[in-house]
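Q: The residues making up each chain are set out below.
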Amino acid sequence: SQKIEQNSEALNIQEGKTATLTCNYTNYSPAYLQWYRQDPGRGPVFLLLIRENEKEKRKERLKVTFDTTLKQSLFHITASQPADSATYLCALDSLGGSYIPTFGRGTSLIVHP
Amino acid sequence: EAGVTQFPSHSVIEKGQTVTLRCDPISGHDNLYWYRRVMGKEIKFLLHFVKESKQDESGMPNNRFLAERTGGTYSTLKVQPAELEDSGVYFCASSQDLRADEQYFGPGTRLTVT
Numbered sequence: 003s004q005k006i007e008q009n010s011e012a013l014n015i016q017e018g019k020t021a022t023l024t025c026n027y028t029n030y031s032p033a034y035l036q037w038y039r040q041d042p043g044r045g046p047v048f049l050l051l052i053r054e055n056e057k058e059k060r061k062e063r064l065k066v067t068f069d070t071t072l073k074q075s076l077f078h079i080t081a082s083q084p085a086d087s088a089t090y091l092c093a094l095d096s097l098g099g100s101y102i103p104t105f106g107r108g109t110s111l112i113v114h115p
Numbered sequence: 856e857a858g859v860t861q862f863p864s865h866s867v868i869e870k871g872q873t874v875t876l877r878c879d880p881i882s883g884h885d886n887l888y889w890y891r892r893v894m895g896k897e898i899k900f901l902l903h904f905v906k907e908s909k910q911d912e913s914g915m916p917n918n919r920f921l922a923e924r925t926g927g928t929y930s931t932l933k934v935q936p937a938e939l940e941d942s943g944v945y946f947c948a949s950s951q952d953l954r955a956d957e958q959y960f961g962p963g964t965r966l967t968v969t
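Heads up: the sequence lines are chains A and B, in that order. Residue numbers 3 to 115, in the working numbering, belong to the letters of the first sequence in order. Residue numbers 856 to 969, in the working numbering, belong to the letters of the second sequence in order.
Next up, chain A with everything else stripped away, as it sits in the complex:
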C-alpha cells in the first residue's frame, strides 16, 4: 500500500531563514501532491497542490517541488516568520487519482524570533 513519510522530528529555524520540509512516498505514483498547514486545535488548511507533470509551484513565500523519480516533494518557506510555526502535512491523491487526500503524519515547524 502507499506510504507517505514526513520527518517526525520538529524543524527549528531562526526567523528570516528558509524552512525546507520533506515528503517522501513509496509504492505509488500520485497524480498530485498537496501541502496543508495545521495549527493546534484547528483543522488542516490547504496551501498548495502540485501535479505530477509540474516540477515546481510557488505562492507568495511558499515553494513546492515535486520529483517523481525520487518520489519526493520539498516544501520551502522563505523569509520565515514566527507566525509560520505550525504542523505541515503532505498529502497524496488516494489510489486511482481520487479527490480524497491520503495524509502523512506531518512535520512540526518552529520559527524562533
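It should be emphasised that the hints constitute simulated quantities derived from the structure, not laboratory data. Some clues are possibly wrong.
Claimed, not checked - DEER-style ranges, computed between Cβ atoms:
| no. | chain 1 | residue 1 | chain 2 | residue 2 | range |
| --- | --- | --- | --- | --- | --- |
| 1 | B | PRO916 | A | ARG44 | 44 to 52 angstroms |
| 2 | B | GLY858 | A | ALA81 | 23 to 31 angstroms |
| 3 | A | SER100 | B | LEU939 | 25 to 33 angstroms |
| 4 | A | GLN4 | B | SER864 | 28 to 36 angstroms |
| 5 | B | VAL893 | A | ASN9 | 17 to 25 angstroms |
| 6 | B | ASP956 | A | ASN9 | 21 to 29 angstroms |
| 7 | B | GLU869 | A | ARG63 | 42 to 50 angstroms |
| 8 | A | THR70 | B | ARG877 | 34 to 42 angstroms |
| 9 | A | GLY18 | B | ARG919 | 46 to 54 angstroms |
| 10 | A | ARG63 | B | GLY871 | 48 to 56 angstroms |
| 11 | A | PRO115 | B | THR925 | 47 to 55 angstroms |
| 12 | A | HIS78 | B | ASP956 | 17 to 25 angstroms |
| 13 | A | GLU58 | B | ASP952 | 37 to 45 angstroms |
Glycine included, C-beta positions come from ideal geometry on N, C-alpha and C.
Since the structure of chain A is provided, determine the placement of chain B on it from the hints.
A: Leaving out everything else, chain B in the frame of chain A:
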C-alpha cells in the same frame, strides 16, 4: 462567510456509551467528508456524502459507526458503542466541487473514550 463548524469541540465518554458528533458544512457545499486522526497516526478518510447520499464509505472502520446527512445539510457521526480505540480527533470537511484542493476543514471534535 462562516466556515465548517463541528460540535462538540471535545467529548469524553466511557467505553460502551454512545456519542454523536455533528458537522455543519459551509452553506451551499454539496460535498461533506469525515476524517479521523487517532493518536500518533495520520488523518484518515472515513466517508463522503454528496448531498444526502453516501458516495464513498470505504474508510468507515466498522458497523459501530453510523453517519447520516438527512436533508443534505448538516451531518452526524454516531459511534455506538464506543471503544477505547475510537479515541482521536474527528474532522469534517466540505467542498462545492469534487476537487482535492477545495476541501475546507472544520476544527475537529476531540473524542476521548475512557
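Q: Next step is simple, just say for each hint if it's right about the structure.
A: Going down the list of hints, with the structure as the test:
Checked against the hint of 44 to 52 angstroms, the C-beta distance between PRO916 (chain B) and ARG44 (chain A) comes to roughly 24 angstroms, which is inconsistent with it. For GLY858 (chain B) and ALA81 (chain A), the Cβ-Cβ distance of about 28 angstroms falls inside the hinted range of 23 to 31 angstroms, so the restraint holds. Checked against the hint of 25 to 33 angstroms, the pair SER100 (chain A) and LEU939 (chain B) passes, with Cβ atoms roughly 31 angstroms apart. Look at GLN4 (chain A) against SER864 (chain B): about 32 angstroms separates their beta carbons, and that is inside 28 to 36 angstroms.
Restraint check, VAL893 (chain B) to ASN9 (chain A): a C-beta distance of roughly 20 angstroms satisfies the suggested window 17 to 25 angstroms. Between ASP956 (chain B) and ASN9 (chain A) the CB atoms are about 24 angstroms apart, so this pair conforms to the stated range of 21 to 29 angstroms. Roughly 47 angstroms separates the CB atoms of GLU869 (chain B) and ARG63 (chain A), a value that falls within the hinted 42 to 50 angstroms. Against the hinted window of 34 to 42 angstroms, the Cβ-Cβ separation of THR70 (chain A) and ARG877 (chain B) comes to about 40 angstroms, which satisfies the hint.
At roughly 50 angstroms, the beta carbons of GLY18 (chain A) and ARG919 (chain B) sit within the given window of 46 to 54 angstroms. The hinted range of 48 to 56 angstroms is satisfied by ARG63 (chain A) and GLY871 (chain B), whose Cβ atoms lie roughly 49 angstroms apart. In this structure, PRO115 (chain A) and THR925 (chain B) meet the distance hint of 47 to 55 angstroms, their C-beta atoms being roughly 49 angstroms apart. Taking the beta carbon of each, HIS78 (chain A) and ASP956 (chain B) are about 19 angstroms apart, inside 17 to 25 angstroms as hinted.
Distance hint check for GLU58 (chain A) and ASP952 (chain B): the Cβ-Cβ separation is about 25 angstroms, which falls outside the suggested range of 37 to 45 angstroms.
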